[in-house]
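Whenever a hint applies, use it, and build me the whole structure from the sequences.
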Amino acid sequence: MAEAAVARETLFALRETIARLEGRPIPALAAAAHEKLAATPATRGAGLATSLPELPVLATGVEDLDVAMQGGLPLDALTEIRSLGLRDAGAASGFTLALAAQVGAQAAGADAAAISPILWIGDTVATMEAGLPYAIGLRDFGLEPTTFLQASPRKLEEALWLAEAALGSAAFAVVILEVRGNPSRFGLTESRRLALRAKAAGRPLFLLRQGGEEEASSALFRFSVEPAPAQARPLPDGSVLGGSIGHPAFRLTLEKSRNPAPLSITLEWNAHDRRFAPVSDVQHPAFPGEHAAYSGADLSASADRPHRAQALGAVVAFDRQA
Amino acid sequence: MIGLKPGQGVAEARAICPTLDVVEEDPMADRKLLEAIADWCDRYTPLVAIDGKDGLFLDITGCAHLFGGEQALLEDVLIRISRLGLDVRGAISSAPGLSWAVARFDDSRVVPPEAMEEALAPLPVASLRLGEETIAALQKMGLKQTGDLLAAPRAPLARRFGAQLLLRLDQAVGLVEEPISPRRPVAQLSVERRLAEPVQAEADLLELARQLADTLKPGLEARGIGGRSFELLLFRVDGAVFRIAAGASQPLREPKRIAGLFTERFTAIHDDLDVGYGFEIVRLNVLQHAAFDATQGDFVGEGRQDSSLAAFVDRVAARLGPDCLQGFELRQSHIPERAARPVPAMNVLVASRRTGSDHAGHGFFRGERPLRLFRTPELVETVAAEVPDGPPRQFRWRRIMHRVSRAEGPERLSAEWWLEEKEEPARDYFQIEDEEGHRFWLFRKGLYGRGGTAPDWYMHGVFA
Chain A
1 MAEAAVARET LFALRETIAR LEGRPIPALA AAAHEKLAAT PATRGAGLAT
51 SLPELPVLAT GVEDLDVAMQ GGLPLDALTE IRSLGLRDAG AASGFTLALA
101 AQVGAQAAGA DAAAISPILW IGDTVATMEA GLPYAIGLRD FGLEPTTFLQ
151 ASPRKLEEAL WLAEAALGSA AFAVVILEVR GNPSRFGLTE SRRLALRAKA
201 AGRPLFLLRQ GGEEEASSAL FRFSVEPAPA QARPLPDGSV LGGSIGHPAF
251 RLTLEKSRNP APLSITLEWN AHDRRFAPVS DVQHPAFPGE HAAYSGADLS
301 ASADRPHRAQ ALGAVVAFDR QA
Chain B
1001 MIGLKPGQGV AEARAICPTL DVVEEDPMAD RKLLEAIADW CDRYTPLVAI
1051 DGKDGLFLDI TGCAHLFGGE QALLEDVLIR ISRLGLDVRG AISSAPGLSW
1101 AVARFDDSRV VPPEAMEEAL APLPVASLRL GEETIAALQK MGLKQTGDLL
1151 AAPRAPLARR FGAQLLLRLD QAVGLVEEPI SPRRPVAQLS VERRLAEPVQ
1201 AEADLLELAR QLADTLKPGL EARGIGGRSF ELLLFRVDGA VFRIAAGASQ
1251 PLREPKRIAG LFTERFTAIH DDLDVGYGFE IVRLNVLQHA AFDATQGDFV
1301 GEGRQDSSLA AFVDRVAARL GPDCLQGFEL RQSHIPERAA RPVPAMNVLV
1351 ASRRTGSDHA GHGFFRGERP LRLFRTPELV ETVAAEVPDG PPRQFRWRRI
1401 MHRVSRAEGP ERLSAEWWLE EKEEPARDYF QIEDEEGHRF WLFRKGLYGR
1451 GGTAPDWYMH GVFA
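Note that the protein sequences, when read in sequence, are chains A and B.
Using the numbering used here, read the first sequence as starting at 1 and increasing by one per residue.
Using the numbering used here, read the second sequence as starting at 1001 and increasing by one per residue.
Heads up, some of the hints might be wrong.
To be verified - Cut-off 20 Å, straight-line C-alpha distance, at most; resulting in silico cross-link-like pairs (EDC-like, lysine to aspartate or glutamate):
no., chain 1, residue 1, chain 2, residue 2
1, B, 1144, B, 1170
2, A, 155, B, 1264
3, B, 1140, B, 1118
4, A, 155, B, 1272
5, A, 256, A, 190
6, A, 155, B, 1323
7, A, 256, A, 3
8, B, 1256, B, 1204
9, B, 1144, B, 1177
10, B, 1053, B, 1030
11, B, 1053, B, 1024
12, A, 155, B, 1420
What the hints assert, rightly or not - Covered stretches of chain B (in silico footprint by chain A; criterion: 3 or more residues with CB under 8 Å from a CB of chain A, positions within the stretch not fixed):
no., segment
13, 1410–1421
14, 1453–1464
If you are wondering where the hints come from, they were derived from the structure by calculation, not from laboratory data.
Built from N, CA and C at the ideal position, the CB exists for glycine as well.
Below you can see the structure in the form of structure tokens.
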């Protein structure tokens, strides 16, 4: 009997260690929960994480996403948000800032007096390509511009130092670090360092990678964001206003998580309620009054084969015309 | 010795001394050297003024006893500067004019206040800092020495040579107060350490800065102030002086925070600070101060977040410059780029404390604004646009063709004619979504049908 108890204790200790390594909710935090957890490991899912106050998470309010992230976005870790190209920078910035607004709303709900500022560490080239955060637009988007600080470091080293110092000071509700592409000076070591710093400070760090490849990093979750056509604006009578552009929508892929299969979902951001809402992926219907983007006739699809044999590989340069 | 003197021609000088090394005059370099020496003289007094091309005034009121009296101070200055390889003369007296005269036309010495006229009397009239014409006229009259002027009746002198002569005379004997104009504002508070052994290590310098800040604290407390802007002066043993300034977003008293500012500054200027053989004097100045609201530490730790934000802002400003971290200042303007202006975060913190969070009224009805705005609008090439005031059907931006699927607008924003000198055309803004779901903020500058050319389209921002 005693042996069994010792063995079980060892098992729990090991589980705890593994959970800690993986940054998951520690299964045996409460001693009383030991038996229950061991008996029903299936509950160690969505419901549990929110019930443990030790692990702050941000529930996005979208059930599929929250389940995939086991309760929500961890608020003491590094989360990576990636756009495929710099022209998707608007969508990726939007999704990141929407998450930041949700964090702010959640914090304000807990304590209305303390509105923590948000720090945006911009990348020089990305700023040139996609512009600076705009105060009035931020307000429209559900953020408070007076508590929004933006940093424009000249070098990546400075940006990393800024992110680390900002996390260490614990003065910011969210720190957003924008990098462009996959710089070699920002590798696994640096991301591990930032992740540990975020963990120690208990503050979220959003790494906004503009136009970057998938890369091994210490982020617990990695999203890739693409823009999606917005829904039309709803009218009071339940119909929608044809040709209008409603809430911004994102096509989101949870590329890295504990689930092996990537999750794709399209969300729209309601800036007034500061909530995400899932959008069904069907294309929005065309309205009669809405003018088509391109009125000319589309080329008909080729009937049985492409017009010429496809060359192997990507076309790098065309042949020079004689 | 051999007959060379200032103002001589090169040919004459070469005739006297054929091996003479002739160097072209470089006033800028001379000036720089003089300023460096003036910096160096900061060790004696904060009030150092540059006089002409080759002189310095030091106001040593209340400083002499720190160096063992006036005689000792003068000797110290002269010995140290001559060790730097310079020919130097100096004098101490109760009037700047007399010191000037004695230093240039007599031996280097201290003139006691009761012997001022005796000291001045045997000097030539040129020692009175007068114009060349006046000096020539005086000499023509046979008034060669200052003593002749002192003895002469004043009224005819004033009539003949103007008030300037008498003013200079009175200044030289101390009858008229003559202010000197110091090069730098005097620090509100200043503490310094003179070191027996020069220090070189950065850590030692920072520790010294912390100790100096410790010494500073009672002074700040007694005045009920805290420092907003600090300056650390490092006097190198070979005479070079470094000034390292650091600002704070809120008044500081805490020695650790003050030293922390310099920790970041040292990291930033690491390569520019040539330690050489070490620093012998370290001084900490408070250049700006502000009222300090004493806060009592509480158990909840509510104030901690505020102070940690301020500490972070100060660290960033010290290391990466005050413009690196910016907040927004909202303004009453409907022109998008004028409605929000970036201001250094330091100022934002100060402003928000002063006025609370202000909500600049942007309450007029307007369309949505983009999340990111370009610094300057970028020209786009529109292929087809609905004339006269519709959105484009297609446009090319950065060499990529975008097909517009939906558009909202126009929102017409007229220029602020009460601010602009030249009349700017109104802009029609459109929120545009292309077929891939990118949302842009485009505007057309001007209207169709004015002046023959079609108006240009610009990209001004991107939406989420």
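Hints and how they fare:
no.: 1; hint: B:1144 / B:1170; result: 18 Å, holds
no.: 2; hint: A:155 / B:1264; result: 17 Å, holds
no.: 3; hint: B:1140 / B:1118; result: 24 Å, violated
no.: 4; hint: A:155 / B:1272; result: 19 Å, holds
no.: 5; hint: A:256 / A:190; result: 18 Å, holds
no.: 6; hint: A:155 / B:1323; result: 14 Å, holds
no.: 7; hint: A:256 / A:3; result: 40 Å, violated
no.: 8; hint: B:1256 / B:1204; result: 14 Å, holds
no.: 9; hint: B:1144 / B:1177; result: 25 Å, violated
no.: 10; hint: B:1053 / B:1030; result: 8 Å, holds
no.: 11; hint: B:1053 / B:1024; result: 16 Å, holds
no.: 12; hint: A:155 / B:1420; result: 37 Å, violated
no.: 13; hint: 1410–1421; result: violated (count 0)
no.: 14; hint: 1453–1464; result: holds (count 4)
Comparing the model with each numbered hint stated earlier shows that hints 3, 7, 9, 12 and 13 do not hold.
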